[in-house]
Amino acid sequence: GQQVMQIPQYQHVQEGEDFTTYCNSSTTLSNIQWYKQRPGGHPVFLIQLVKSGEVKKQKRLTFQFGEAKKNSSLHITATQTTDVGTYFCAGRAGGTSYGKLTFGQGTILTVHP
Amino acid sequence: KAGVTQTPRYLIKTRGQQVTLSCSPISGHRSVSWYQQTPGQGLQFLFEYFSETQRNKGNFPGRFSGRQFSNSRSEMNVSTLELGDSALYLCASNRDTTSYEQYFGPGTRLTVT
Numbered sequence: 001g002q003q004v005m006q007i008p009q010y011q012h013v014q015e016g017e018d019f020t021t022y023c024n025s026s027t028t029l030s031n032i033q034w035y036k037q038r039p040g041g042h043p044v045f046l047i048q049l050v051k052s053g054e055v056k057k058q059k060r061l062t063f064q065f066g067e068a069k070k071n072s073s074l075h076i077t078a079t080q081t082t083d084v085g086t087y088f089c090a091g092r093a094g095g096t097s098y099g100k101l102t103f104g105q106g107t108i109l110t111v112h113p
Numbered sequence: 114k115a116g117v118t119q120t121p122r123y124l125i126k127t128r129g130q131q132v133t134l135s136c137s138p139i140s141g142h143r144s145v146s147w148y149q150q151t152p153g154q155g156l157q158f159l160f161e162y163f164s165e166t167q168r169n170k171g172n173f174p175g176r177f178s179g180r181q182f183s184n185s186r187s188e189m190n191v192s193t194l195e196l197g198d199s200a201l202y203l204c205a206s207n208r209d210t211t212s213y214e215q216y217f218g219p220g221t222r223l224t225v226t
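For the record, the sequence lines run as chains S and Y. Residue 8 in our numbering sits at position 8 of the first sequence, and the numbers go up by one each step. With positions in the second sequence counted from 1, the corresponding number in our numbering is that position plus 113.
What the hints contain is simulated information worked out from the structure, not anything from laboratory work. It is possible that part of the hints are untrue.
In the EDC-like style, the derived pairs of lysine to aspartate or glutamate whose C-alpha atoms are separated by at most 20 Å in a straight line are [what the hints assert, rightly or not]: (1) K170/Y / D209/Y; (2) K36/S / E15/S; (3) K36/S / D83/S; (4) K56/S / E214/Y; (5) K57/S / E214/Y; (6) K36/S / E17/S; (7) K36/S / E188/Y; (8) K57/S / D18/S; (9) K51/S / E214/Y; (10) K126/Y / E214/Y; (11) K57/S / E17/S; (12) K57/S / D83/S.
Model the full structure from these sequences, guided by the hints.
Okay, here's the thing in structure tokens:
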């Protein structure tokens, strides 16, 4: 079945440093979503990417979808302590917009002030 | 607008028992998905319901079942509980088949002893 791998599993940064998490799927995806889960909280939707090579920005966050629609990345510029949490990617198998979402394992980000 | 609500928030059960968890989606949302979250396995998709019909199903044993009512409220049931079923069970809703952003509830923390 479809697998979505996310690396790194953990990332510790100093406040102000940049952070990137990568997501790779074993199969072509129709779209990919990113979620953030704060400690003790529930996942919160950040963004969805649909098009091959798509790049979207939200303030200090930049999301990319690979040309082959099998990988994606989330980059945070100049991290802040409010960025702490677990970042998940979640992909839907290619050929359908309504297939089940397969989540990556998540990257736990710690930001040291 | 009220968010996704889940009841109960915490539950302690004994091996062999069964449990029913409830999820009320955001008003107007017709799709409800269920996920199991554990530290070792991340977020695992259980099933998705839309208009009272199961649309997608994850790779969980038949002990895990669900249903959706005409008011879009959903329940999931786990029979013959095992220790490994201890997890945070998250429910997520979205509006309809054209809407992709999922809104997660706070989850039900199930502990099996």
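Here's how the hints hold up against the structure:
1. At most 20 Å may separate the alpha-carbon atoms for a hinted pair to count; K170/Y and D209/Y meet this at roughly 17 Å.
2. Using a Cα cut-off of 20 Å, the hinted pair K36/S and E15/S holds, with the two alpha carbons roughly 18 Å apart.
3. Between K36/S and D83/S the alpha-carbon distance is near 9 Å, which keeps this suggested pair within the 20 Å criterion.
4. For the proposed pair K56/S and E214/Y, the alpha carbon gap of about 16 Å is at most 20 Å, so the pair holds.
5. Taking the CA atoms of K57/S and E214/Y, the gap is about 17 Å. The hint holds against a cut of 20 Å.
6. Annotation: proposed proximity of K36/S to E17/S holds, straight-line Cα distance about 19 Å (limit 20 Å).
7. Between K36/S and E188/Y the alpha-carbon distance is near 25 Å, which puts this suggested pair outside the 20 Å criterion.
8. For the given pair, K57/S sits about 15 Å from D18/S by alpha-carbon distance, which is consistent with the 20 Å threshold.
9. A distance of roughly 16 Å separates the Cα atoms of K51/S and E214/Y; the hinted pair therefore holds under the 20 Å criterion.
10. Pair hint K126/Y plus E214/Y does not hold up; C-alpha atoms about 33 Å apart against a cutoff of 20 Å.
11. Simply put, K57/S and E17/S have alpha-carbon atoms about 18 Å apart, close enough for the 20 Å limit, and the pair holds.
12. Straight-line distance between C-alpha atoms of K57/S and D83/S comes to about 15 Å, which keeps the hinted pair within the 20 Å bound.
Consistency note: the structure conflicts with the earlier hints numbered 7, 10.
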